[in-house]
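So the chains spell out like this:
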Amino acid sequence: MFIDPHAHMVSRTTDDYEAMAAAGIVALIEPAFWVGQPRTFVGTYVDYLSSLVGWERFRAGQFGIRHYCTIGLNSKEANNEALAEGVMEWLPRFALKEGVVAIGEIGYDEQTPLEDKYFRAQLALARQLELPVMVHTPHRDKKRGTSRSMDVCEEMGLDPSWVVIDHNNEETVRETLDRGYWAGFSIYPSTKMGNARMVELLKQYGGDRIIVDSACDWGISDCLGVPKTARLALESGIAETVVRQVTYDNALAVYGKSGQMQAADWLDPAPIDQRTLFEGNSILRGGRDPLVEAPEDRRRDRLLIE
Amino acid sequence: MPVTPLKLLRDWTCRQAPDQARWLVEQYTSLGQSGNEKDLHLFLGLVPRRLGKQDLTLTPQDLAMANQSYPGWRPEGWSLDGAARITALLAFESNRPFSDTFRDLVRTADARELITLYRGLALYPRPESLTDAVGEGLRSNMRAVFESIVHGNPYPRDHFDEHRWNHMVLKALFVGSRLSPIVGLDTRVNAELATILLDYARERWAAGREVSPELWRCVGPFAERVSAYAALQRALAGVPEQRSAAVLALMAADTPRARDLLKTVPDITALVADGRLDWNHLTLKEAA
Ligand SMILES: [Zn+2]
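Order-wise, the sequence lines are chains A and B. In terms of numbering that gives the first Met the number 0, the first sequence opens at residue 0 and continues consecutively. In terms of numbering that gives the first Met the number 0, the second sequence opens at residue 0 and continues consecutively.
No lab work stands behind these hints: they were computed from the structure. Errors might be hidden in some of the hints.
Estimated spans, in silico, between C-beta atoms of each pair [stated by the list, open to error]:
#1 A:S160 to B:G51: 44 to 54 angstroms
#2 B:P124 to A:F40: 28 to 38 angstroms
#3 B:Q32 to A:T111: 39 to 49 angstroms
#4 A:P91 to B:M250: 53 to 63 angstroms
C-beta: ideal position from N, C-alpha, C; glycine also.
Start from the sequences, fold in the hints, and give me the full structure.
Right, dumping it as structure tokens:
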């Protein structure tokens, strides 16, 4: 059983959902983020947030995967002040929806004054609503941007044990852990973290407060980042307990603080959810036909489309 | 005078959540006075957190009371938090037209909220003003959202024009939803629907697929007008559910030609006459 606590499923296909379910992912968290190009109307952003709590949640349910999300204004679009002001007005309504497990992903991109303003405003909102926070750390000027993100969290009075600092690497992990935060690692080809490097980090740091995710999105990325890393780690001799911590337990522990995510959601779902959100899926009703072929194989080799 | 749906829902929700009953009553009362939408949003958000998501427990008497208070209202399969949310919407009083409030709620609703919002449709103030929002729900690809309008809900029977009604039935068949939970299914049959469904059946057969036996329920009364005998004859040669359904449809048609066809299947016709087969039981129950 795995949790992928960072996956942008609006950009992914049903093949991906199928592969994730077959690989043992039982739950995922979809952070509100940038969709690859800027939104220029508040309404488009509102509809996006609405799709995270509505349609995408349903789509995941069809494959037996529990879908949670985080709500937030991302750093890139925080730079459009008119848009940002409008979106901020809508955030509290979405943040109180069921299955919203954090405010996120928020933080810095180019570390501009506007990014700073809305990062702080959303940290205040998280405190007020008693929600955890998922922090997106910048790709450029990463080490200083990460330190600064944590400084600001503390200035805003957040408890580090309620905050996940995501997209860590070898250069940032020590400080993140030493300051008491959860350290997320996105197994994302080329730009973020590879899973062989991840295994080395697990050898060095163990599993406490470390969280592995795929961050899969509209770019070249791998929705099986979590299960693949787990397998590589086990094959490399990392203890099973550590693997379970970083691919399941830790994500549940921190995002579970929202009161909106518990193992019973997928192990023993409420009857109403089984009838509605999990319609047509038998995995949670006990016994789904084992998938004997990987979706990729089927895609290539099965000629008949019925 | 029958009890109002609001009163019933108040009682049911308080009865099932005795430790939250005081809070619920306070909230229902203040929502009826304040007219403040922020309070409404807050209440709707808090309800599942405070009440949990278990099913609403109703006795056969409760269901009978529901049907008395609004004919055709069947709150089976509702959840406790959903019932409390609908109670709040019924209790809420404001100067703003309810249809505006409703559209706004739909716009930001999560999947479970959508289901709840649509389940209460027939009970809301000025329900006819909600048709645009209902159209969105019918177009939903989330089957459970679609079914929240279509099943156990008297709204379509009371407020849909024939075109929308017919497309609702057709979509139900398309997405694999049952027809028998549709309120008013037999009273709203029409020749146009029978024609559409017959075309649909032929199209499915041409593609090598089967159709739901429930389809014949809407065809039977118009079998003569839409020339459905050949299709019904084909169904009579099908699997047991198809055979039972075709017999039921032919009995509803009640024409000389239908009676002739029924003579070819005396065994099933007898079972229907004995009440052992009907639209809710197309196969015989296993003997205990
Ligand atoms: Zn992301």
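So, going through the hints one by one against the coordinates:
1. A:S160 to B:G51: 44 to 54 angstroms: violated (27 angstroms)
2. B:P124 to A:F40: 28 to 38 angstroms: The hinted range 28 to 38 angstroms holds for P124 (chain B) and F40 (chain A), with Cβ atoms some 32 angstroms apart.
3. B:Q32 to A:T111: 39 to 49 angstroms: Hint holds: Cβ distance 46 angstroms, inside 39 to 49 angstroms.
4. A:P91 to B:M250: 53 to 63 angstroms: At roughly 58 angstroms between Cβ atoms, M250 (chain B) and P91 (chain A) fall inside 53 to 63 angstroms, so the hint holds.
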